[in-house]
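Chemist: Going down the list, the protein sequences come from chains G and U. By my numbering, the letter at position 105 of the first sequence is numbered 105, and the numbering carries on one by one without gaps. By my numbering, the letter at position 61 of the second sequence is numbered 61, and the numbering carries on one by one without gaps.
Hints were generated in silico from the structure; no laboratory data involved. It cannot be assumed that every hint is accurate.
Stretch by stretch, here's where chain G covers chain U in the computed footprint (C-beta under 8 angstroms, at least three residues) [claimed, not checked]: (1) 149-158; (2) 190-200.
Between beta-carbon pairs, the in silico distance windows are [as the list claims (entries may be wrong)]: (3) U:R219 x G:P8: 51 to 57 angstroms; (4) G:D17 x U:D67: 47 to 53 angstroms; (5) U:P176 x G:S63: 50 to 56 angstroms; (6) G:T91 x U:Q125: 37 to 43 angstroms; (7) G:W50 x U:R190: 17 to 23 angstroms; (8) G:S63 x U:S259: 38 to 44 angstroms; (9) U:L208 x G:A12: 46 to 52 angstroms; (10) G:Y46 x U:D67: 39 to 45 angstroms; (11) G:K130 x U:N241: 55 to 61 angstroms; (12) U:L269 x G:G85: 42 to 48 angstroms; (13) G:A57 x U:S30: 32 to 38 angstroms; (14) U:Q93 x G:D86: 56 to 62 angstroms; (15) U:G244 x G:A12: 36 to 42 angstroms; (16) G:T24 x U:R219: 27 to 33 angstroms.
From a predicted model like this one, the values you see are computed outputs, not experimental measurements. The beta-carbon is built from N, C-alpha and C at its ideal position, and this holds for glycine as well.
Spelled out from the first residue to the last, the chains are:
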Amino acid sequence: MAVEYFDPRTIATPVYDALSELRTQNNTDQSRLKEQKSQAVELYTYLSTWGMMRLKAEEKALSQEGKKQVVKKFFQCLETLSKVGDLANNTGLDVIKKLDVDEYLGLTGLGLALAQEFSFWANAIYHDIKGEE
Amino acid sequence: MNYVYLYLLAPLHTGGTTQEGNLLGIARESHTNLPYVPSSTIRGKLRSTVGNDIEQRIKRVQLFGPDLKDTQDTGFLEMYEAETDKKITQLEQGNIWIGDGSILWMPVPSLSHGVIWISCPLLLQRWAKFNGNPEIPAEYSTNLATKAPVYLKDAILPAKSLQNWDNWQNFIPQSPEANAITRVLVLPDRHCATLIQMSLWRQVKIKLDEHKSVDGGFRYEEAIPPDTLMYFTWGITSQANGKGEESSADFKALLSENSILQIGGQESLGRGFVQQWLGNN
Numbered sequence: 001m002a003v004e005y006f007d008p009r010t011i012a013t014p015v016y017d018a019l020s021e022l023r024t025q026n027n028t029d030q031s032r033l034k035e036q037k038s039q040a041v042e043l044y045t046y047l048s049t050w051g052m053m054r055l056k057a058e059e060k061a062l063s064q065e066g067k068k069q070v071v072k073k074f075f076q077c078l079e080t081l082s083k084v085g086d087l088a089n090n091t092g093l094d095v096i097k098k099l100d101v102d103e104y105l106g107l108t109g110l111g112l113a114l115a116q117e118f119s120f121w122a123n124a125i126y127h128d129i130k131g132e133e
Numbered sequence: 001m002n003y004v005y006l007y008l009l010a011p012l013h014t015g016g017t018t019q020e021g022n023l024l025g026i027a028r029e030s031h032t033n034l035p036y037v038p039s040s041t042i043r044g045k046l047r048s049t050v051g052n053d054i055e056q057r058i059k060r061v062q063l064f065g066p067d068l069k070d071t072q073d074t075g076f077l078e079m080y081e082a083e084t085d086k087k088i089t090q091l092e093q094g095n096i097w098i099g100d101g102s103i104l105w106m107p108v109p110s111l112s113h114g115v116i117w118i119s120c121p122l123l124l125q126r127w128a129k130f131n132g133n134p135e136i137p138a139e140y141s142t143n144l145a146t147k148a149p150v151y152l153k154d155a156i157l158p159a160k161s162l163q164n165w166d167n168w169q170n171f172i173p174q175s176p177e178a179n180a181i182t183r184v185l186v187l188p189d190r191h192c193a194t195l196i197q198m199s200l201w202r203q204v205k206i207k208l209d210e211h212k213s214v215d216g217g218f219r220y221e222e223a224i225p226p227d228t229l230m231y232f233t234w235g236i237t238s239q240a241n242g243k244g245e246e247s248s249a250d251f252k253a254l255l256s257e258n259s260i261l262q263i264g265g266q267e268s269l270g271r272g273f274v275q276q277w278l279g280n281n
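The following block holds chain G by itself, in its conformation from the complex:
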């Protein structure tokens, strides 16, 4: 297969896949779906305000499973796109901590674009889910 150097779907595709998968897995559990939607919409403002390290820490700190699932998916997508290894697993916080400041800010920039994509797709994929949990 030819290598595509410029594909405008690069960021959208993994996000679409991730949220579609989460929704399908939990399709009968309304409150779980609400949690997922609200967290997916919230990622961008959370990351803008609090930064990447805190967002990663939310994987542990969050009590609602649906929200936790979305944060995990976010870091999986970020790992896929950035090629920064081990971001998505349990040692992700240490990986982020050890990045030099250039890499950290660059990764945050990519993370912000990714989070915006989550916000958009949340409204499309969970279009019928109303209200917040």
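Given chain G, work out where chain U should sit, using these hints.
Modeler: Same frame as chain G, now just chain U:
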């Protein structure tokens, strides 16, 4: 080319197209994604500050061009023609053009220094082109002590990355309105964009239902934060036809009569107040 500085006294929200999820975004430049103030917003505001008596109305049309109401008002058109020897038959440009408002320095919270104003070569270069000062400082130039690290938002810039910057004041207008800007740091373009993004004012809003319970989730509104220094360019259009100097003087007088302007949305929440002053070329 002339320019006018804007020092933000309150968060400034000029509506944009971003409305992803629960976020009401602000106007952004399409080629940099940085927030800006559209020239039409600035022009509209300045135009609205001109009074409504006949003399001022004529001046307003000369500076900013007629609006639809003016072109339909035959009494006014006759007076305009008598006064200026110029006939208005359609909507046309005025004698003044106004450019977009661009960020020059933006404040970012810092654990080590309280607040630090950041900019980047891209933004400084843009400004310097109008200012005849092509010497753009290197990335990580700062007037802060370069022996200690700088904490910026949640990033730490090690001391070894910082560069001493002596002539930093050449890049800040030397007028009392901007004298709060005393700690400056030039970031690489790519990081500046991220830091600006992270330092935008984000107001959380909720809606209450009739029982004062929260109806739905959070909504956020973005704004350019107070204490940001911006500027816009302006000049005389080709329309001016020998009236350029007069219009330039009128426009300067208009600016000096309105040193505080309210620009953008949410005036009733105290948003959008800026202090403006004419730059010295």
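Chemist: Is the gap between the beta carbons of G244 of chain U and A12 of chain G within 36 to 42 angstroms?
Modeler: Taking Cβ atoms as reference, G244 of chain U and A12 of chain G lie about 50 angstroms apart, which means the hint is violated.
Chemist: Would you say the C-beta atoms of A57 of chain G and S30 of chain U sit inside 32 to 38 angstroms of each other?
Modeler: holds, 35 angstroms
Chemist: If I claimed the Cβ atoms of S63 of chain G and S259 of chain U lie 38 to 44 angstroms apart, would that claim hold in this structure?
Modeler: At roughly 52 angstroms between Cβ atoms, S259 of chain U and S63 of chain G fall outside 38 to 44 angstroms, so the hint is violated.
Chemist: Per the coverage rule (Cβ-Cβ under 8 angstroms, at least three residues), is the stretch 190-200 of chain U covered by chain G?
Modeler: It holds, with 8 qualifying residues against the three required.
Chemist: Quick check on a hinted range of 27 to 33 angstroms for T24 of chain G and R219 of chain U, using CB atoms only.
Modeler: Holds - the Cβ-Cβ distance for T24 of chain G and R219 of chain U, about 28 angstroms, lies within 27 to 33 angstroms.
Chemist: Falls inside 47 to 53 angstroms, the C-beta gap from D17 of chain G to D67 of chain U?
Modeler: holds, 51 angstroms
Chemist: So does Q93 of chain U sit 56 to 62 angstroms from D86 of chain G, Cβ to Cβ?
Modeler: Holds: the Cβ-Cβ distance is about 59 angstroms, inside 56 to 62 angstroms.
Chemist: Falls inside 50 to 56 angstroms, the C-beta gap from P176 of chain U to S63 of chain G?
Modeler: Holds, since P176 of chain U and S63 of chain G (Cβ atoms, about 52 angstroms apart) stay within the stated range.
Chemist: Note whether the CB distance of Y46 of chain G and D67 of chain U lies within 39 to 45 angstroms or breaks it.
Modeler: Because 44 angstroms falls inside the window, the suggested range holds.
Chemist: Using the beta carbons of L269 of chain U and G85 of chain G, state whether their distance is inside 42 to 48 angstroms or not.
Modeler: holds, 46 angstroms
Chemist: Has the stretch 149-158 of chain U got at least three residues whose CB is nearer than 8 angstroms to a CB belonging to chain G?
Modeler: holds (count 6)
Chemist: Could one say that the CB atoms of T91 of chain G and Q125 of chain U fall in the range 37 to 43 angstroms?
Modeler: Roughly 41 angstroms apart at Cβ, these two residues keep to the hinted range, so it holds.
Hint check: violations occur at hints 3, 8, 9 and 15; the rest are consistent with the structure.
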